[in-house]
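Asks: As a plain string of letters, each chain reads:
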Amino acid sequence: MNHPDGVNAGRVQRAPEHFLDRQGIQTVVAESKQGRRDFIRSAFAAAAAGAAVPVALAQGNPVPTEGGDPNILNLPEHATGLGQGVATDGYGKPSKYESNVQRRQSPGLTQTTQASVSFAPLQSLFGIVTPSGLHFERHHQGWWDIDPSKHRFMINGMVKSPKVFTMDEIMRLPSVSRFHFIECGANTAVEWGNVAVPTVQYTHGMISCSEFTGVPLITLLEIAGADLKNGKFVLAEGGDGSSMTRTIPMSLITSGEVLVAYGQNGEMLRPENGYPLRLVVPGVQGVSWVKYLRRVEVGDQPYAAKDEAVHYIDLMPDGQHRQYTNIQECKSVVTTPSGGQVLLDKGFYNITGLAWSGRGKVKRVDVSVDGGRNWRSARLETPVLSKALTRFNIDWVWDGKPAIIQSRAMDETGFVQPTYQQLRTARGTRSIYHNNAIQSWLVQENGEVKNVQLS
Amino acid sequence: MFSSRKAWIAAALCTVSVWAGAQSAAYPGIGRAATTKEVAAWDIDVRPDFKGLPPGSGSVEKGQDLWEAKCAHCHGVFGESNEVFSPIIGGTTAEDVKTGRVANLRRTDFPGRTTLMKVATVSTLWDYINRAMPWTSPKSLKPDEVYALTAYLLSLAYVVPDNFVLSDKNIAEVQQRMPNRNGMTTAHALWPGKEFKGTAKPDTANVACMKDCIPEAKVASMLPAHARNAHGNLAEQNRLIGQQHGVDTTQPEGKAVVASASGGNAAPAPAKPAATKAVDPAIALLSKHNCTACHAQDRKIVGPSFADIAKKHAGKADYLSGKIRSGGAGVWGNVPMPPQTAPDGDIKAIANWLAAGAAK
Numbered sequence: 000m001n002h003p004d005g006v007n008a009g010r011v012q013r014a015p016e017h018f019l020d021r022q023g024i025q026t027v028v029a030e031s032k033q034g035r036r037d038f039i040r041s042a043f044a045a046a047a048a049g050a051a052v053p054v055a056l057a058q059g060n061p062v063p064t065e066g067g068d069p070n071i072l073n074l075p076e077h078a079t080g081l082g083q084g085v086a087t088d089g090y091g092k093p094s095k096y097e098s099n100v101q102r103r104q105s106p107g108l109t110q111t112t113q114a115s116v117s118f119a120p121l122q123s124l125f126g127i128v129t130p131s132g133l134h135f136e137r138h139h140q141g142w143w144d145i146d147p148s149k150h151r152f153m154i155n156g157m158v159k160s161p162k163v164f165t166m167d168e169i170m171r172l173p174s175v176s177r178f179h180f181i182e183c184g185a186n187t188a189v190e191w192g193n194v195a196v197p198t199v200q201y202t203h204g205m206i207s208c209s210e211f212t213g214v215p216l217i218t219l220l221e222i223a224g225a226d227l228k229n230g231k232f233v234l235a236e237g238g239d240g241s242s243m244t245r246t247i248p249m250s251l252i253t254s255g256e257v258l259v260a261y262g263q264n265g266e267m268l269r270p271e272n273g274y275p276l277r278l279v280v281p282g283v284q285g286v287s288w289v290k291y292l293r294r295v296e297v298g299d300q301p302y303a304a305k306d307e308a309v310h311y312i313d314l315m316p317d318g319q320h321r322q323y324t325n326i327q328e329c330k331s332v333v334t335t336p337s338g339g340q341v342l343l344d345k346g347f348y349n350i351t352g353l354a355w356s357g358r359g360k361v362k363r364v365d366v367s368v369d370g371g372r373n374w375r376s377a378r379l380e381t382p383v384l385s386k387a388l389t390r391f392n393i394d395w396v397w398d399g400k401p402a403i404i405q406s407r408a409m410d411e412t413g414f415v416q417p418t419y420q421q422l423r424t425a426r427g428t429r430s431i432y433h434n435n436a437i438q439s440w441l442v443q444e445n446g447e448v449k450n451v452q453l454s
Numbered sequence: 000m001f002s003s004r005k006a007w008i009a010a011a012l013c014t015v016s017v018w019a020g021a022q023s024a025a026y027p028g029i030g031r032a033a034t035t036k037e038v039a040a041w042d043i044d045v046r047p048d049f050k051g052l053p054p055g056s057g058s059v060e061k062g063q064d065l066w067e068a069k070c071a072h073c074h075g076v077f078g079e080s081n082e083v084f085s086p087i088i089g090g091t092t093a094e095d096v097k098t099g100r101v102a103n104l105r106r107t108d109f110p111g112r113t114t115l116m117k118v119a120t121v122s123t124l125w126d127y128i129n130r131a132m133p134w135t136s137p138k139s140l141k142p143d144e145v146y147a148l149t150a151y152l153l154s155l156a157y158v159v160p161d162n163f164v165l166s167d168k169n170i171a172e173v174q175q176r177m178p179n180r181n182g183m184t185t186a187h188a189l190w191p192g193k194e195f196k197g198t199a200k201p202d203t204a205n206v207a208c209m210k211d212c213i214p215e216a217k218v219a220s221m222l223p224a225h226a227r228n229a230h231g232n233l234a235e236q237n238r239l240i241g242q243q244h245g246v247d248t249t250q251p252e253g254k255a256v257v258a259s260a261s262g263g264n265a266a267p268a269p270a271k272p273a274a275t276k277a278v279d280p281a282i283a284l285l286s287k288h289n290c291t292a293c294h295a296q297d298r299k300i301v302g303p304s305f306a307d308i309a310k311k312h313a314g315k316a317d318y319l320s321g322k323i324r325s326g327g328a329g330v331w332g333n334v335p336m337p338p339q340t341a342p343d344g345d346i347k348a349i350a351n352w353l354a355a356g357a358a359k
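Protein chains in written order, with numbering that gives the first Met the number 0: chain A, 0 to 454; chain B, 0 to 359.
Treat the hints as calculated values from the structure; they're not laboratory data.
The list that follows gives simulated cross-link-like pairs (lysine-lysine, BS3-like), each with its CA atoms no further than 30 Å apart:
no., chain 1, residue 1, chain 2, residue 2
1, A, Lys228, B, Lys196
2, A, Lys362, B, Lys217
3, B, Lys200, A, Lys228
4, B, Lys200, A, Lys362
5, B, Lys196, A, Lys360
6, B, Lys193, A, Lys362
7, A, Lys228, B, Lys193
8, B, Lys196, A, Lys159
9, A, Lys228, B, Lys36
10, A, Lys149, B, Lys36
Could you put together the complete structure from these sequences and hints?
Replies: This is the structure we're talking about:
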């Protein structure tokens, strides 16, 4: 059997689909359709009996045949021995049983790992905060772990005095901490024309949400005496090899929303996310959240940087490109059940997912289980914050028949997430960026969930 | 490194000399004035109006030598390679240089989009080569080398002749020959400010219908069976416990499973199969051309029911053909119907069916 490192085979509680052979799966499916649980149990038991290594059966919660569940009757080592001491690991890590939960590359998407993407495992996350180690990655020229004592931040351009700040100085200034989502403008890009990838990790995994801590950029611009009236555009520039540049509107900066951030979820930014300093531009696509931020320049014209003149431009059917497309419009996705998962039995499920809007708070999320014919409003879990992920839940009893699950978000401006048909009518299928269409997951009779698009 | 940018440095120096030492009243002791050397070292951006462009020049010929030495292994000798990065050169024509719009961008069948097809501003090329290229040793090129490489790329796209020498003096004229210089628009709602005078109105307007919103859900696209394991075993990409587990994609779906759920690779059974019998061939066309996404037989969804249309426009097949083709709004309410691109014969068949009473 194939195990993650360090996993004791005798104690792993593996998913039933791992030890059911093809005949076993067919039996389960056939019997589950008739609702005959006994057959399912015996199929699991038969499969387990045939396995080379004894496997504890927790999934399926079988009624005991020998007077009780051995997991209850036979006290395990952790109930009868002494556990490990404090600070065994100075920086704690997830359980070894969680090793499937990883950010991953989409095979064939890019030719290099330094100009590439890894996707966050949305199907395995709870709530609204993305664990920092699972935050999606997008690098243009590789990532670095920069010595923060040598990092400098410069402000120049239309300012009274160009300024230089050390990290020590930036961290002395009044700080704010705010939850915001960051979504790559190309999230869901491969799905513009048709279904291309199997799971929510690959369709929607270029989004993450963190509590960011930092200083409003406006504070630093005021220290430098920036011309806030004529300086309508601000260039943000990274300190790495790509020295990524993007144009930020001054109106967003003067609102106080744009942060020069060093903190992420209670600790410093991770190197992959721009340690020690990055820009946070709430509601705007991730490419503007310049990592390894070394400089901002105040100007009176936009900059047409490579990533706003060659990439991150949206091709329309008439052959024109929309330029300076920044806002991530209202969008949502059901994360469970979602593509690549399997429901093993009929009965109750909690449909859960994420909603967000670059224009403010999520106001409502509706969920359909019949492909958009009928909808019910989901419960929004607190907190519901502006330009942050919002978690939604809704009860569902699966009757074992095919179902098509969708979610549809509405934000506080009244904007409703579009269907694929509406989006394609407006923008065609070659836009690449800003695909915020309603996602459909087909639950088949065999319990397998597939990524589908509807006509 | 950028010592040739004396004019810009002088300007910066002047600014600093006035304000150097100025301290923020609100946050004393935080931040110091940047020196002219520091600003010159980092302020490398070049704007579309060429603010920030250092003086210098470089020939196509010199650019070709540099290109073959430092760039061709990733981008191909002619900037055409698709091996590592997307191609830079290709897809533009002499006509595009005249019009400033790349005609191939209108073609849905044109394979790929090169950098020269997209980029509207020559400053972008100069700035990016200067700051980020070569990929493994960015910022190693001198200004004259950046001019030469830019000139070489432009010559490959027939924007400048083979004997051209690009410089800060003539780059504004070259801008007037960029193939897609008129190809950008800021008339959209995705800029979070009013600086571009775009629009505040989003380009989609879904409504939050709750009941009987569409007649049937029909699957139009899903992954083919051979792609089942293309992203690796999905069972290993899900938590071991939870309300759902990952499906073992190293195994094919069981035959019984496939037959019961989807009948092979065809679209699986919809949540509620359409019960309509196709008596008139036009009825099959309604589904084929997605009319049924917005219209139902006998009740209003997004658009009016077929029965209501038949009643209102009885006998007016030509009028209905025209309406289907061009779309419209106002006859049945404010929700617009987009123009339809179905074949003429199909549109006529549907219009005839409607005009004749839309019988089931």
